[in-house]
Amino acid sequence: MENAYRLTPLDELFLQRAYELAARGIGNTSPNPPVGAVVVQDGRLVGEGYHHRAGASHAETNALRQAGPDARGSTLYVSLEPCRHIGRTPPCTQALVEAGVARVVAGTLDPTKNGGGADELRARGVDVSIADDPAARDLIETFARKDPNRPYVALKMAMSLDGAVASEPGAAQQLSSEAESRFVRELRVAHDAVMVGAGTIRVDDPRLTVRPPHDRLREYVRIVACQAGTVPRSARVFVPEAGYAKTIVLAPSALANRLSDLRDVADVVCVGDSSEAALDLRAAMTSLHDRGIASLLCEGGPTLAAGLLAAGQVDRFYWAVAPVFLCDARSVRVLAPGASNALDLRLRFDRIERVGDDVVLSGPVDDV
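Start counting the sequence shown at 0; every next residue gets the next number (numbering that gives the first Met the number 0).
Quick caveat, the hints were computed from the structure, so don't treat them as lab data. What you were told as hints is all true, and nothing was included just to trick you.
Using 20 Å as the maximum straight-line C-alpha spacing, the simulated SDA-like pairs for lysine to any residue come out as follows:
no., residue 1, residue 2
1, Lys-145, His-288
2, Lys-112, Arg-144
3, Lys-245, Ser-294
Please work from the sequences and hints to get the whole structure.
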């Protein structure tokens, strides 16, 4: 962004507080972004708030309510450009003008087609500055997805140093350290749903839960993608859990009859043409979006990961590398054959961190 506002040390301090507040809403505000705001009068914080859940008051309104009369002539620091559209709540621009706020400093612009209210506020006499801060953009990454007709998809895979996930087909192998497992469970908190392929269910029988449980307003959603076969109804992913919606099973329409025994333990969703044996992942993602899932963490396995990449359905990758070697003639590669279309994707690292004994490499996925 050209001519981004240069922050003073005091601006940085109060914007950082707005980001901390915004993070409290992660996992609950979907499909809205998490937003935090603070009201400052003469260098003193007089009000703060964040967006708790979709449909509830926005961060700016909560902060102004706490500030009361002290909001007049104040500066409002907010993680995201205030909204100007009318939805389930009134526009924040109106609330700011009515409260008499003199200045607004926003961490980043609203990326949606509705746009934010910076220009409207300026037209009504409010001084508005946009910091264009990467930390603010990180907070809304799942909200600012490139395709509004499907969920934001993060793909997480774990592999050995030589690119394998198991020493042989069907082997249940734990590559990740305990610290990396905790890292992944925290990733689940930040997304509306977690998904794995049927092979992962058959081999590892995961629960796909968040442990320890997090206090969250939205129900967690667990998803199993069936490419060619079914999964046992006794799998732990189908066991009812407090705070979790009924597990979704995604499958091609051709498999509908074979999945009939799962319909009382899962929400079976069949997509695509009945003549197609493979799961249409584009149609599957659209179906999940239609069910209110705005962000999704996929944890493999190799067939599903390769399919998502080939179909151009991945927005961010998390590649966890364990310090072991597994490859031989029988080892299972991290991506199954068939991901050749992934060669047309542009990848870059923007986050590299050591997590326990492992290294997690992450970055966005963009079309060339």
